[in-house]
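Novice: Residue numbers (full-length UniProt numbering), protein chains in the order written: chain A, 1 to 586; chain B, 1 to 586.
Heads up, some of the hints might be wrong.
[As the list claims (entries may be wrong)] Now the in silico label distances, taken between C-beta atoms and shown as ranges:
id, chain 1, residue 1, chain 2, residue 2, range
1, B, 21, A, 538, 53 to 59 Å
2, A, 455, B, 525, 50 to 56 Å
3, B, 29, A, 455, 50 to 56 Å
4, A, 353, B, 540, 53 to 59 Å
5, A, 166, B, 6, 45 to 51 Å
6, A, 122, B, 540, 31 to 37 Å
7, A, 166, B, 521, 34 to 40 Å
8, B, 17, A, 455, 24 to 30 Å
9, A, 120, B, 411, 55 to 61 Å
10, A, 224, B, 540, 48 to 54 Å
11, A, 122, B, 444, 37 to 43 Å
12, B, 454, A, 455, 34 to 40 Å
[Claimed, not checked] In silico DSSO-like links for lysine-lysine, alpha-carbon gap of 30 Å or less:
id, chain 1, residue 1, chain 2, residue 2
13, A, 201, B, 524
14, A, 524, B, 201
15, A, 524, B, 536
16, A, 524, A, 536
17, A, 294, B, 524
18, A, 294, A, 201
19, B, 201, B, 294
[Unchecked claim] Residues of chain A clear of chain B, computed beta-carbon distances all greater than 12 Å:
id, residue
20, 96
21, 158
22, 203
23, 456
24, 519
25, 568
These aren't lab readings, by the way, just hints derived from the structure by calculation.
We put the beta carbon where it would ideally sit given N, CA and C, even for glycine.
Protein chains: 2
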Amino acid sequence: MTPSRWIPLIGWLHGYRRDTLARDLLAAVIVTLMLVPQALAYALLAGLPPEVGLYASMLPLVLYAIFGTSATLAVGPVAVASLMTASALSAIAPPGSAEYVGGALVLAALSGAMLVAMGLLRLGFLANFLSHPVISGFVTASGILIAASQLRHLLGVEASGHTLVEMVMALVTALGEVNPITLVLGLGVWGFLVLCRRYLKGGLRRLGLSATVADLVAKAAPVSAVIVTTLLAWALGLGERGVALVGEVPGGLPSLALPSLEPGLWSSLLAPALLISLVGFVESVSVAQTLAAKRRQRIDPNRELIALGLANLGAGASGGSPVSGGFSRSVVNFEAGAATPLAGAFTALGIAVATLTLTAPLAFLPKATLAATIIVAVGTLIDLPAIRRTWAYSRADGVAMLATLTLTLVHGVESGILAGVALSLGLHLYRTSRPHSAVVGRVPGSEHFRNVQRYDEVETDERLAILRVDESLYFANARYLEDTVMALAARQPGLEHIVLACQAVNGIDASALESLEAINRRLKDAGVALHLAEVKGPVMDRLAATDFCHELGGRVFLSTFDAWQALHQENAAANMAPGRMTEKET
Amino acid sequence: MTPSRWIPLIGWLHGYRRDTLARDLLAAVIVTLMLVPQALAYALLAGLPPEVGLYASMLPLVLYAIFGTSATLAVGPVAVASLMTASALSAIAPPGSAEYVGGALVLAALSGAMLVAMGLLRLGFLANFLSHPVISGFVTASGILIAASQLRHLLGVEASGHTLVEMVMALVTALGEVNPITLVLGLGVWGFLVLCRRYLKGGLRRLGLSATVADLVAKAAPVSAVIVTTLLAWALGLGERGVALVGEVPGGLPSLALPSLEPGLWSSLLAPALLISLVGFVESVSVAQTLAAKRRQRIDPNRELIALGLANLGAGASGGSPVSGGFSRSVVNFEAGAATPLAGAFTALGIAVATLTLTAPLAFLPKATLAATIIVAVGTLIDLPAIRRTWAYSRADGVAMLATLTLTLVHGVESGILAGVALSLGLHLYRTSRPHSAVVGRVPGSEHFRNVQRYDEVETDERLAILRVDESLYFANARYLEDTVMALAARQPGLEHIVLACQAVNGIDASALESLEAINRRLKDAGVALHLAEVKGPVMDRLAATDFCHELGGRVFLSTFDAWQALHQENAAANMAPGRMTEKET
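Chain A with its partners taken away, still in its complex shape:
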């Protein structure tokens, strides 16, 4: 337990050199240019004042730089967490109220405390409850909801709602009040961003820029849109013409303060905070691992939990909303050459400088510009082909994905993700509750055994049934095993021996052990001996200490072939004509 295990910064700061500094500074400048409009946009998306997004982009980044294990993960406000924040807060207070803003800080602090606790207790495995199809369905639905929620800013109307249907209905009824200037401005920015995304990189490369530089410049396109539309709004006085602007942003850095400690508020935000934590963690780790692998580096998921948790606690204590690792900013950070987490700390410095100097001009930034930025950005979240792909690979996973997607759209983010988790668990238990098993027979002259239903030419014995079970035995399939074995015994009247071939059994829990005991007792009552074969070492170690092994009616064989030889020969001695299984002949 060295200090550098808990504070990775100590480890890498040791070898910090001038060229590393240059790389980190360059990356920080580029990420700052990208983060300023995003911080404002995601605050808008969460229904929060713009400064909350800026505050969430300072202290949290510094804390992550100290405690994080990824060199390139860019922490800060992100789209999905902002949507979830809006959903959680609008259940407790009207948007824009002091309670609403205070709730965002509580949400960040609570989510931070949960992440730190999970990291210390090594509960990162809880994130496993979120299966890939559930996350994918959820993220796609979130992207759609986010885009839909921003259309009102593009149209310049008042319209709100938590589900897709509510949003569309509100937009349709508000269509008469569209502000034409806002619409032109919004569509203009949107078109500009789409064109940049599609052609700018290629164009710059044809002008002789390298692929990386062209890509970075293209990704910074929103900044130019922000500058141009802000200047337009200021020069033409668009605010007086009904175009919604960001408005006054308090200058100066955030002050440190504890968020509200009201127990009622904390308990009502527990569930959303847990979901925001888990989703944020899963997404951050996935981005961080992808980027780390490109440089053959490693991240430590349990350390990441602590670092992300401290970042969120920092957000809650400095007036910010929940943060996590953002996908596009992290990729830009990586491609710009960020070498250490210090790049993130420099980004925080950049945001601080922007907050101190740019709040006056930012007051003129039209909300429609931010909305267009968001709509273009969340396009990358929406992955509809994944539905078809998942469905084709596995019906169960496809159902979980579609259910998550649909429920998120029509019933909100929390019910969507909870239903997805419940369905994943249920379907997993259902799948493993009916494990594949096969009665096997011997391939003549060999030591191999094959499914009697697939291979006609295998040797069988009417007094002996060998059942191969292709799954670990645990509570969800213990009763199915009882059914299967007892059905076998009831079906084959001359049966004297049943061998369970356990080469695919990686574990036997207490429920399955009791089922094996019940099977053994019932088979004894029916005059049939239960044998085991090919039991794995660790599984046998645990079985050996139980009563089951002493009460076992039959024996434990090393291999299926050993069992065949011993039991088949006994039969052969007693009855000189060992036959095929009766049921196959009748």
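Based on these hints, arrange chain B on the given structure of chain A.
Specialist: Frame of chain A; chain B shown alone:
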């Protein structure tokens, strides 16, 4: 789909003969003698009037006889379901009120509807959520709670509570009001029943009775206690001396009527009805399977769901409380020779006769007698050694069992069982989320591969790592696999090939597929090729249709040895000195 598939009665009635009739009649007489006091006692336990227990022992038994697949399962009111009924109903109405009694009928009907629906939709696997340790802990705690709840009738005091602590506190404060006659009577019956249970069977056998007959007579001992104490109470006028009696039981058969259809009542009883259904189903199927196996018969769990569901619907429509298969009565039914479900229908007839003729004398039956009967009967539910046994076999299962037991005792039946289910699921996911895996090396000169950490003498190759994964790959362990593989790649700088040996992988779900895709991409970025070996047929069939197989950096080998030969030889050609793994030498 023949009628006899849906109505098993058609099948077995066909071959019904006179000697079968004689066996069924004898069994019915004995079970009736046992059921009359039990029906009254379990109604008392559930806080319901005595006739509710009798009504639950008529129509439901007839319906089960028509639709059930077990020849010997004795359906009717049982201890655990009665406790759960009391717990559910006391949350909605004061005991003894019309709403309370009406609620019992709704609970039966609701539970019946759920069981039928589960049977038709083949959702019997839902019962798998209840692992053996959870059920065992729950049943033990229920036995303790039931015994504690009956102590007040033995002492003749008013004291109630839902948790063990509440019950004990209420009893202690009421100790001053103990009715001495009740106490003497209750302790007398209790002592008599305990002595019968311990010595009667042996004594009767020494008198020359056969083991089976001696056992059946011993099991009917409560009837004599009922007769004797009823006569005593009548002759000595114990009712006037403060001994609580059963009191007036309405004569006549129940009338058929729909239970209350108030939506509020139904929705508030949904969760308890589901738990009663699942617990009752699990216990019934377990008893039925055990008994069926002794005669090499089969029961069909999905048909059982429908039969038990119809029995409960019948209970709800004829003034009865929830029913399920009782363990001790079923064993008696079996040992008395019941040959077909008709024995159950005859038992219903016996109860009907008792209800028509015995209600006048039963009014004098002391409640203390019933309480003593219950206390002695639930002794068989309490299995404390199972805790130690389970704990010794598996910590995780032991924790789930203890949590269920403790929470049931201190917080009530519903929280106990729900916490147990949640914990079982969580612990199962935790266990499978960190599957056993091992880097393996070749046993020199053979085609076998062994864990390099356990065997020193295996051959390895610094450019090639073979990882054997001992678990199916699914969402709970997909990310762990990513971690493990990427750690391997980061640890071994000269690595060029990673082979995943998949002989223990019985399935790969969509999450795991995405993780494999991510691993493959990341390894490619790091200059390492990912190969697969020993992929099972069904798993390969599904993988073959995905993009993953086309994008795979390496190849798919039939066996680990094939992979070793191909990749190790390539290395050998490029570098004439294939070495041991670097990390083992440093």
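Novice: All the hints need checking, so say for each whether the structure fits it.
Specialist: Now the hints, each set against the structure:
1. B:21 to A:538: 53 to 59 Å: Given about 55 Å between the Cβ atoms, the range holds.
2. A:455 to B:525: 50 to 56 Å: 43 Å, violated
3. B:29 to A:455: 50 to 56 Å: 54 Å, holds
4. A:353 to B:540: 53 to 59 Å: The hinted range 53 to 59 Å holds for residue 353 of chain A and residue 540 of chain B, with Cβ atoms some 57 Å apart.
5. A:166 to B:6: 45 to 51 Å: 46 Å, holds
6. A:122 to B:540: 31 to 37 Å: 35 Å, holds
7. A:166 to B:521: 34 to 40 Å: 39 Å, holds
8. B:17 to A:455: 24 to 30 Å: 43 Å, violated
9. A:120 to B:411: 55 to 61 Å: Check failed, 27 Å falls outside 55 to 61 Å.
10. A:224 to B:540: 48 to 54 Å: 51 Å, holds
11. A:122 to B:444: 37 to 43 Å: 39 Å, holds
12. B:454 to A:455: 34 to 40 Å: At 35 Å between Cβs, range holds.
13. A:201 to B:524: Satisfied, since the Cα-Cα distance of roughly 25 Å is no more than 30 Å.
14. A:524 to B:201: 25 Å, holds
15. A:524 to B:536: 34 Å, violated
16. A:524 to A:536: Holds. Residue 524 of chain A to residue 536 of chain A sits at ~25 Å (cutoff 30 Å).
17. A:294 to B:524: 9 Å, holds
18. A:294 to A:201: 22 Å, holds
19. B:201 to B:294: 22 Å, holds
20. 96: It holds; residue 96 of chain A is separated from chain B by about 36 Å at its closest Cβ, greater than 12 Å.
21. 158: It holds; residue 158 of chain A is separated from chain B by about 37 Å at its closest Cβ, greater than 12 Å.
22. 203: About 27 Å separates residue 203 of chain A from the closest Cβ of chain B, which puts it past 12 Å; holds.
23. 456: 17 Å, holds
24. 519: 9 Å, violated
25. 568: 23 Å, holds
When each numbered hint is compared with the structure, violations occur for hints 2, 8, 9, 15 and 24.
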